[in-house]
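Colleague: Below are the chains, spelled out letter by letter.
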Amino acid sequence: MSNILEVNKVVKRYGDYVALNEVSLTVPKGSIYGLLGPNGAGKTSLIRIINQITIPDGGEIILDGEKLHPNHVQYIGYLPEERGLYKSMKVGEQCLYLAQLKGLSKAEATKQLEYWFERLEIKGWWNKKIQELSKGMAQKVQFIVCVLHKPKLLIFDEPFSGFDPVNANLIKDEILELQKQGATIIFSTHRMESVEELCDHIALIHKSNKLIEGRLNDVKKQYRTNSFEVGILSDNVEGLMYDITQKFTVGQTNFKSLNDELKLEIQLGNATPNELLNVLVQRGQVTHFVEKIPSVNDIFIKTVSEK
Amino acid sequence: MSKLILIIKREFLAKVRNKAFIVMTFLSPLLFVAIAAFVGYLSSMKADVKRIAIHDETGLFAGEFKNSDEYHYLNLSTVDMKVLKDSIVKESFEGVLFVPKTGDAKALENKIQYISNDSPSLSFLDDLETVINKKITSLNFQNAQLDTLAIKNAEAHVNITVAKSSGEQTVKGLNEIKIGIGGAFGYLIMMFIIIYGNMVMRSVIEEKTNRIIEIIISSVKPFQLMMGKIIGTSLAGILQFFIWAIIGLSVMFAASTLLGVNMGHSTAIPPEAMHAVQQGSNSAAQMYISELWTLPIATLIISFIIYFIGGYFLYSSFYAAIGAAVDNETDSQQFLLPIIMPLILGVYVGFFTVINDPHGTVATVFSMVPLTSPIVMLMRIPFGVPWWQIALSVLILFGTFFFVVWFASKIYRVGILMYGKKPTWKELVRWVKY
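So the sequences go chain by chain: A and B.
Throughout the first sequence, residue numbering follows my numbering, covering 1 to 307 in sequence.
Throughout the second sequence, residue numbering follows my numbering, covering 1001 to 1434 in sequence.
Please note: incorrect hints may appear among the correct ones.
Stated by the list, open to error - Label pairs and their calculated CB-CB ranges: (1) A:His69 to B:Thr1330: 38 to 46 angstroms; (2) B:Thr1424 to A:Gly58: 26 to 34 angstroms; (3) A:Asn297 to B:Ile1022: 29 to 37 angstroms; (4) B:Thr1330 to A:Asn39: 22 to 30 angstroms.
Since the hints were made in silico from the structure, they are not lab data.
We put the CB at the ideal spot given by N, CA and C, even for glycine.
From just these sequences and the hints, can you work out the full model?
Modeller: Right under this line is the structure:
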């Protein structure tokens, strides 16, 4: 089985409101899967269904080849967007309780906890109450609770919110480490730079419907516009511009550089990059020639505003 | 199942380890004893003696008034009324009884005055009137030349005794004892439901506001969480009662051995009964005790436990659903009122209807309605209730309980994930359909 999770035409209604309209997703094993969408798109509804917090009104979910079953909760780790722990309960006791609810034995849970407390450098916290911890500290505990039972599938809803840059990096490294060990990770986030950095697959949900899904590179290829950023030093700008506008569409652009060159964004249409280069080299010194690849942010905004 | 036990354990420990719980458990018996002792001390204190001046122009009544613990009478017929009235203002007398001089005793009836700046109690005026009536009546008898001795002998003093159809003699005031015992049990259930129901609600709200709820119900079913919470909290409550019972029994035991006091008379026994015990012969007291032993004690205790479990679970489910529906305790008031109402109604019905007519229609109906039956039926049981009625009432109670748990868990399931605005009744109903 190469897919850890398959969501097939899942429907969720709240009264008359349709939160998910026949949404289907395929999450490959071992991937870091970005689940994107504006607020209220239905991401949380979908995550709750995968976690069996709510029941879908239609469709089915296949986890690792089996239809979703109550026993599956032990294979899933969930870090909700709204974090929370029992304030007056001690850290160690609380982690043990939550791990046991996930199906771990007490001995196994203790062993895992000791490992994680050491790893995240919070060994002295075992007997502290959550209310004595700062927000960032509590977030670390929450992260441990989420990964303690070695889940096959990890679902993080805005995992980096509330962390300072140092701890955010720490958590990011832990996530990558977990992926290396074979876990699959679903990310739900608005922070496109972390999607860009971490995810190899993405899906975009908007107004209860899935609009895009696939490997990040494939999606980007699909959204590429075949335009190039060009920097050129030329003595005859007018002649250059004349030549280019004969064949291509030209726009202004800006990028960082040390030279005082002419900066252009050129839309190739059906031409190849070499054809453009041929024109350029005849008229001056090319200092910069890069394909303009759409960022996840561009794709997100373009798709959401089109619908 | 093991998850349910985990939840019960956590809820139980969370309640029991709470400082407020520990303080309440050990402080409230002390507080109770202190209040009881204080009330006892207050009632044993002699009231201030009130001095009543008597200005009797006829000279007939002044000698008739007997001093009591509370009232001292002084014959001041020779002192001028004006001076006496002034002395009331100066508060050397509580009041003045003024008997004017009239032609005959009959004319006196509407002329006698009691002058005081405080309003006298009705029973005090009654006492005054009785003394004067008695004197005037006997004077009238004398004037009519009737044989007062013969009249006295002719007066009847009826004392109705109470017996059962079996011929066994019983004692008066037993009704009051029975309602006292049943009432105590019913009241206990009500208090427990309110205190621990609120605890369940608070704990649900806490999980909601802490936002831990989403983590927990990604591991267990909301129904399991709700039941675990209700059971765990009730165990903490039972432990508390257990501790209280042990403390109470050991204090009673210690007191009775140390002081040699007969602890048989609880304050729950109404004054009539106490009076009868004190006034009557030894046999009357024995009769009370033997009567108490014939009460269906086993039935009472067993049904207390059954009704206690049924009633508590029924109401806690409501409390849990309300806790899930709101974001904070202040928002819960609107939904709590309809829950408290039947409880209070049950206690009122118990004390006002059951005592007069324990097997009447009203009492029987309310002991069947599941929201009031735990209280009303317990009050009826000391009077003897046919077993089929108890069985039916328990059946209805538990049937309703299962329905309410189902209903509450639906609201609970949706409510715990809803934040923000306070839901309306209409929305709650819609949640059940989700």
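Colleague: Decide, hint by hint, whether the structure agrees.
Modeller: Hints and how they fare:
1. A:His69 to B:Thr1330: 38 to 46 angstroms: For A:His69 and B:Thr1330 the Cβ distance comes to about 41 angstroms; the hint holds.
2. B:Thr1424 to A:Gly58: 26 to 34 angstroms: 28 angstroms, holds
3. A:Asn297 to B:Ile1022: 29 to 37 angstroms: With a Cβ separation near 56 angstroms, A:Asn297 and B:Ile1022 fall outside 29 to 37 angstroms, so the hint is violated.
4. B:Thr1330 to A:Asn39: 22 to 30 angstroms: 28 angstroms, holds
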